[in-house]
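Enquirer: So you can see what is in the structure, the chains are spelled out below.
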Amino acid sequence: MSSERQSKNSSESKSSSQSGKTSDSRKISGAKSSSESGKTTGSKSAPGSKGAPESGKKSAGPAVAERLSVFKTYKLFVGGKFPRSESGRVYEVSDSQGAWLANAPLASRKDARDAVSAARKAFGGWAGATAYNRGQILYRIAEMLEGRREQFVREVAGGEGLSPAGAAAAVDAAIDRWVWYAGWTDKIAQVAGGSNPVAGPFFNLSSPEPTGVVAVLAPQDSSFLGLVSVLAPVIATGNAAVLVTSHRAPLPALSLGEVLATSDLPGGVVNLLSGTAAEIGPHLAAHSDVNAIDLTGADGDLARELEIAAADNLKRVLRPRAEDWTADPGTGRLLAFLETKTVWHPIGV
Amino acid sequence: MDKMSSVFEYAPAPESRAVVDLAPSYGLFVDGEFREAADGRVFKSLSPSSEEVLAEVAQAGAADVDAAVRAARTAFTGWSALPGTERAKYLFRIARIIQERSRELAVLESLDNGKPIRESRDVDLPLVAAHFFYYAGWADKLQHAGFGADPRPLGVAAQVIPWNFPLLMLAWKVAPALACGNTVVLKPAETTPLSALFFADICRQAGLPKGVVNILTGDGETGAALVGHDGVDKVAFTGSTEVGKAIARTVAGTRKKVTLELGGKAANIVFDDAPVDQAVEGIVNGIFFNQGHVCCAGSRLLVQESVRDEVLDALKRRMSTLRVGDPLDKNTDIGAINSAEQLARITELTAAGEAEGAERWAPACELPSAGYWFAPTLFTGVTQAHRIAREEIFGPVLSVLTFRTPAEAVEKANNTPYGLSAGIWTEKGSRILWMADRLRAGVVWANTFNKFDPTSPFGGYKESGYGREGGRHGLEAYLDVV
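Those sequence lines, one after another, are chains L and W.
For the first sequence, the positions run 71 to 419 when the numbering used here is used.
For the second sequence, the positions run 82 to 563 when the numbering used here is used.
Hints in this document: simulated from the structure, not taken from any laboratory.
Wrong hints could be hidden among the right ones.
[Unchecked claim] No more than 20 Å apart at the CA atoms, straight line, and that leaves these computed lysine to aspartate or glutamate pairs for EDC-like:
| hint | chain 1 | residue 1 | chain 2 | residue 2 |
| --- | --- | --- | --- | --- |
| 1 | L | K142 | L | E375 |
| 2 | W | K291 | W | D112 |
| 3 | W | K326 | L | E375 |
| 4 | W | K125 | W | E271 |
| 5 | W | K493 | W | E472 |
| 6 | W | K326 | W | D300 |
| 7 | L | K180 | L | D359 |
| 8 | L | K145 | L | D184 |
| 9 | W | K125 | W | E492 |
| 10 | L | K191 | L | E279 |
| 11 | W | K326 | L | D382 |
| 12 | W | K326 | L | D359 |
| 13 | W | K493 | L | D184 |
| 14 | W | K532 | W | E362 |
| 15 | W | K125 | W | D112 |
| 16 | L | K191 | L | D334 |
| 17 | L | K180 | L | E156 |
| 18 | L | K142 | L | E156 |
| 19 | L | K257 | W | D518 |
| 20 | L | K191 | W | D518 |
| 21 | L | K191 | W | E271 |
| 22 | L | K151 | L | E375 |
| 23 | W | K125 | W | D102 |
| 24 | L | K191 | W | E472 |
Please take these sequences and the hints and turn them into a complete structure.
Expert: Below, the structure written as structure tokens:
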């Protein structure tokens, strides 16, 4: 399967831009000088996997003095800043062929705690922002993504082993998902709330409010569309999020941090941690300043273990289930992290 | 005032208990029949106001839980396939029969629970009937409730309810469950099983199909077996936060949908511009209603410093007029504490209040010699660190704290793991809305307290649980939707 995909990729990449198929700039540079790449990473698999694009590029006639590209150091996104993991750990991220793509930070318990504390600080302001303002910022995220569409297509294709067309479809759907949720921010309260006709002289109104700090274990398979599908509804309603990315394909998520940082989203509203759900999940599930947890990215046994830990402070738990990220998202994920507040007041003169 | 109360002594005005025909013993209600527990175990239900044995009831064990869940599963096929209009009519029948039998049920509730007849008659029973009426009307309108074009029921609902509002909590659980097409196995609290067994008889009178409602009496062990049973699709629990957490752990990793309505430590916040007399009535209603056995009770009074003395003087005067005694006396304000165990907990926590340095006050108050009683009590000089400011006492005990600014009031009100309810007393509208916005609580009563209505969603933030009961929101707990 993957080899078919790969060969299809390479044939497409010949005619279009070389960068269209490879997963990020490192690969391009690697293709141009595989010895360089091999030297940098010491990777066993990198040269082999680059055979196809390399030949594609050679046929396009590489210049002798081709410029050496600048690698990106992928970092966490916490409190609006881009720290390395406090643990100093990284892990190797590779494409579906096993070729090295980047070293991603391997987030630790301390990173998770820092992220929760950043999220808690940001929560009040974000929950208190007008729904209109939140909508504008979510829409701004879509705008910023649109401008970096090619980069995300590369990263998604590399991380998930998708064809350029498949990756482009996922990225386009993810951008559109931000637009969908941008429009929900100032409508969900009318759909989920309303006045209650109590049998007495009382004004009685129920309104949805954000639950608070929500830990999100993002889906493992869909590193960007799935990620956006679980993250956007959490923050659309005014929650702050601490998200653990797909372990295997964290790069689109980490790059999303750069988009969020330039979209007027207040620092700390979204915090992105690359690492493993099995390592960070238990700390988030047991953290008493986390109000809810989305277990989408956890498998059966881990999900159960985390749900048990989450009971310590009665976190709201969204259990993992079969998902089709291309389907109409509905309002389920918006409603999952809302509380209903009902206010009574007597009516009289 | 003090003089007048001594001049006009109240004569006893007891409600007759002849209206309740109690059998010496009751079985479990499973598949439309009363039956003994498989292992023949029984326990006694006492009247907390006299310690008299009211009846002996069956103690359901694992085999009985299994039988009840099977009966509910079998009944689910037919019940969920019934047109909504027909399910609605059963619920309307139940609502009407409750109205017809409300005097009997009110007296029974006061006997078994210890609450004043004035409250069981004027609050509990009208709300019970109204709740069935409200959800009856939803049964054939679910496609319009905002949960999709054809929302489906979950299956068998395991429902475990507390002793503070036995029949009302039953109504909150059973009415929406049946309206949505689920069948139920309900376990009433160990100390207040009788009204649920009378409700079983109402189901019989209404002609409700066998197995749609099953009632298992028993203790915490019975509840745990029910919640843990594999054949259950839904768990609904009202009770302590501690048990709620245990239930959340039990159902982890299963398909069971859960709603939990747990404890609270509500702040009742009085600003300096509040009309003192009204606020004092609200404070009294907030903490002494139902002997303070209310999860949403206003157990922390936050009074603005500038009016502290004025409010406390008025409150103490008002507390001195509260009548503690026979629950069946129509003039009784505060009835019996529900059980010896609960009385011990209240006694222990109030002793801790004194030991930690708070100042205790209670009006002179003669308590009956038999039964379980606790005089209305308030503590001043309470700090946020005191146990009586942090832990749910679930009794007629008020902890008084002060504040200076609205921001400080919000800070103190939210300084608790709970988040069920809150009260605000001020004449300033913009301040009410500002406060209501910031209080992390599921129900906010402004210039009123402890009001309930079947159309109004009720439930907590944080460790007060999750899910809502009442209103359109309450349907979600019993439908197969996210």
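Enquirer: Hint by hint, say whether it matches the structure.
Expert: Results of checking the hints against the structure:
{"no.": "1", "hint": "L:K142 - L:E375", "verdict": "violated (36 Å)"}
{"no.": "2", "hint": "W:K291 - W:D112", "verdict": "holds (5 Å)"}
{"no.": "3", "hint": "W:K326 - L:E375", "verdict": "holds (14 Å)"}
{"no.": "4", "hint": "W:K125 - W:E271", "verdict": "holds (9 Å)"}
{"no.": "5", "hint": "W:K493 - W:E472", "verdict": "holds (14 Å)"}
{"no.": "6", "hint": "W:K326 - W:D300", "verdict": "holds (18 Å)"}
{"no.": "7", "hint": "L:K180 - L:D359", "verdict": "holds (14 Å)"}
{"no.": "8", "hint": "L:K145 - L:D184", "verdict": "holds (14 Å)"}
{"no.": "9", "hint": "W:K125 - W:E492", "verdict": "violated (45 Å)"}
{"no.": "10", "hint": "L:K191 - L:E279", "verdict": "holds (17 Å)"}
{"no.": "11", "hint": "W:K326 - L:D382", "verdict": "holds (6 Å)"}
{"no.": "12", "hint": "W:K326 - L:D359", "verdict": "holds (16 Å)"}
{"no.": "13", "hint": "W:K493 - L:D184", "verdict": "violated (25 Å)"}
{"no.": "14", "hint": "W:K532 - W:E362", "verdict": "holds (13 Å)"}
{"no.": "15", "hint": "W:K125 - W:D112", "verdict": "violated (23 Å)"}
{"no.": "16", "hint": "L:K191 - L:D334", "verdict": "holds (16 Å)"}
{"no.": "17", "hint": "L:K180 - L:E156", "verdict": "holds (7 Å)"}
{"no.": "18", "hint": "L:K142 - L:E156", "verdict": "holds (19 Å)"}
{"no.": "19", "hint": "L:K257 - W:D518", "verdict": "holds (18 Å)"}
{"no.": "20", "hint": "L:K191 - W:D518", "verdict": "holds (18 Å)"}
{"no.": "21", "hint": "L:K191 - W:E271", "verdict": "violated (44 Å)"}
{"no.": "22", "hint": "L:K151 - L:E375", "verdict": "violated (31 Å)"}
{"no.": "23", "hint": "W:K125 - W:D102", "verdict": "holds (17 Å)"}
{"no.": "24", "hint": "L:K191 - W:E472", "verdict": "violated (27 Å)"}
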